[in-house]
Structure formats: C-alpha cells, structure tokens
Amino acid sequence: MPELAEVEFYRKQWDCGLRQIVTRVALHKGKRLFRDTGTERLAVRLLSRRLVGSEARAKQMLFRFSGAGAKSPSLWLGVHLGMTGRLSVAHANFKPGKHDHLVLFQKRQALVLTDARMFGRVRLYEAAEPPGWWTALPPAVTSEDFTPELLAEFCKRRARLAVKAALLVQTRFPGVGNWMADEILWQARIDPRQLCGKLSRARITRLWEAARQVCATAMETVGIDFSDPPRGWLYHARWSGTGRCPRDERPLQTATIGGRTTRWCGKCQR
DNA sequence: CGAGATGTTCGGCT
DNA sequence: AAGCCGAACATCTC
Numbered sequence: 001m002p003e004l005a006e007v008e009f010y011r012k013q014w015d016c017g018l019r020q021i022v023t024r025v026a027l028h029k030g031k032r033l034f035r036d037t038g039t040e041r042l043a044v045r046l047l048s049r050r051l052v053g054s055e056a057r058a059k060q061m062l063f064r065f066s067g068a069g070a071k072s073p074s075l076w077l078g079v080h081l082g083m084t085g086r087l088s089v090a091h092a093n094f095k096p097g098k099h100d101h102l103v104l105f106q107k108r109q110a111l112v113l114t115d116a117r118m119f120g121r122v123r124l125y126e127a128a129e130p131p132g133w134w135t136a137l138p139p140a141v142t143s144e145d146f147t148p149e150l151l152a153e154f155c156k157r158r159a160r161l162a163v164k165a166a167l168l169v170q171t172r173f174p175g176v177g178n179w180m181a182d183e184i185l186w187q188a189r190i191d192p193r194q195l196c197g198k199l200s201r202a203r204i205t206r207l208w209e210a211a212r213q214v215c216a217t218a219m220e221t222v223g224i225d226f227s228d229p230p231r232g233w234l235y236h237a238r239w240s241g242t243g244r245c246p247r248d249e250r251p252l253q254t255a256t257i258g259g260r261t262t263r264w265c266g267k268c269q270r
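Following this note's numbering, the numbering of the first sequence begins with 1 at its first residue and continues without gaps.
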C-alpha cells in the first residue's frame, strides 16, 4: 500500500517513542521481512537503545537509535513497508498478533511494525553515518534537482517504455507508486500507454509539473494526517470499477501497464 | 474458489 | 548490452 506520503505518515506514528529506550524487542524469527538482517542480531542490538530520530524518503524510512555507549556509533533501522506494511503504536502490554513481525517495547508504549504479505524489509546498520543505500537515494520529485531537463533525458533513454511504467521507476520518481502514477498522468492529461520517446517537450514539461504537484499535495494531505487528497482528483474515482473521470464524467478505462492495474480517461488523456 | 492487490527483484528474452 | 517483461515472493480480500 504505502507510497511517498503514506510512508511519511507511518514514520510519524513512532514519534511518540522519541527519546525513550527500547526495553524489550519482540519479533517473528526467520520471516522474509528480515532477509537482510539476522533476527538474533536485530533483537540484541536494538535492546536498551534510545530512539533519537527518524526520516522518510521515497518509500524508505530510517530510524536512528543512540549508540550503546557515549562514544559508540549510532544504530540505524531501515524500514520499507512493501505492499501491506504499516507502523502503529500500542499499549506497553501489547501482545503481538500474527502479522506484527517487529515490536519495540518502551516504558510507555510499544512501536509496532505490521506486514501481512512481508514484501517489506527491515535492515540494521551500526555506524556513525547513515547507510549508503540511504544517502544514495535519488533526488525527490519535489526537490530543485528534479528538473524538466532531467526528465527529458530520462524519457530519451527509456524511449520504448510506456510512460505509466516509467513513473514507477524508483530511481527517477522516488516514492511514486501505482495510484500516484495514475494521478500524475491524469492531471497531465497524458495517455498512460504513450511511449516516453514519443512525448513532446511540452508534454514532458506538463508531466514534470503534474508529478511535482501530486507529490507536494499528497504530502500536505495524506502525509500529514492520512486525510484524503483534494476533491476532484482521480484518486477518488479510480478504486471502483464504475469510476468516472472527474473532469468529463466518462467511465474510466482499465488496463495492465507496466505490470500494474492502470486507470485513465480515454477522452481527456491523449 | 479464483483473481487481484498503493512493491521489488530476478531471470530470461530481445 | 541495455532495457523490457513476466514471474515470484506470501497473505488476505472481494
């Protein structure tokens, strides 16, 4: 489920645990979620550490814990929520359910990671600086580095790729997922089946603007309190099979593009 | 009961 | 050889 803004929302769910020490760790050993980091190591290392900060970028989260001693390096917990992951807070006497694979107990509450399908991943690093995979994440769609020129260059290199599939490429559109990709194309009035190489410079600029707008607005709504995106967005129509285009009321088209269910308006998207 | 799901990765094909 | 596509991953819901 989680894309850019949902990830930011979930990250904040653990904020109430800031400045507090982990008193107990519960986890489900051997689950796919922990494929990068042995579960034994995870449990041992997190114990007695203090949660001191967190950040979300793209679909990734990075939680920082204090070192074991004053001079010890920080501990970094990387979390990706996959398709069905979420973070929540529970009472200190919480009993983990079947899909609550990682629970960090603190004095006043428990920080819970739930993920039924386990497409997510958890990884642990001990170092003074954040891990390389984190610092190497591409520039955010809303950043100054994400320029129309960068997008034009990308479209040129991926000339044979449908633009819908292109929007899901995380190295260029970090954090954009399936519903955001559809929203961006609808707002830019571009047919998701269009090949990147066929897009005019003017349409690439429209795509660039729509991408930035959708990402920024999603962060201000979903990212703040999980409230709905603005009225009039495709978002509200795309979930039901009978959904209609908010602009012209035409029934939405449905197809699999880039391996994902895609919905668009055959009239206003060209 | 079968199909599909707001994601990533890998193997194979062009 | 880069780049594209489909399958696999594991579980739940419609």
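Just so you know, the hints here were simulated from the structure itself, not pulled from any lab data. C-beta atoms are modelled at their ideal positions from N, C-alpha and C, and glycine is treated no differently. Mixed in with the good hints, there may be bad ones.
Mimicking DSS-like on lysine-lysine, the simulated pairs with C-alpha atoms at most 25 Å apart in a straight line are [as the list claims (entries may be wrong)]:
| hint | residue 1 | residue 2 |
| --- | --- | --- |
| 1 | K107 | K29 |
| 2 | K107 | K12 |
| 3 | K71 | K29 |
| 4 | K31 | K98 |
| 5 | K156 | K198 |
Each pair of labels, with its calculated beta carbon distance range [what the hints assert, rightly or not]:
| hint | residue 1 | residue 2 | range |
| --- | --- | --- | --- |
| 6 | C268 | T242 | 46 to 52 Å |
| 7 | A26 | R270 | 48 to 54 Å |
| 8 | R212 | T23 | 20 to 26 Å |
| 9 | G30 | S143 | 37 to 43 Å |
| 10 | D248 | K107 | 55 to 61 Å |
| 11 | T23 | G259 | 42 to 48 Å |
| 12 | R212 | I21 | 36 to 42 Å |
| 13 | A202 | D225 | 21 to 27 Å |
Quick one: which hint numbers does this structure break? Sort them smallest to largest.
Result: hints 3, 6, 8 and 13 break, sorted rising.
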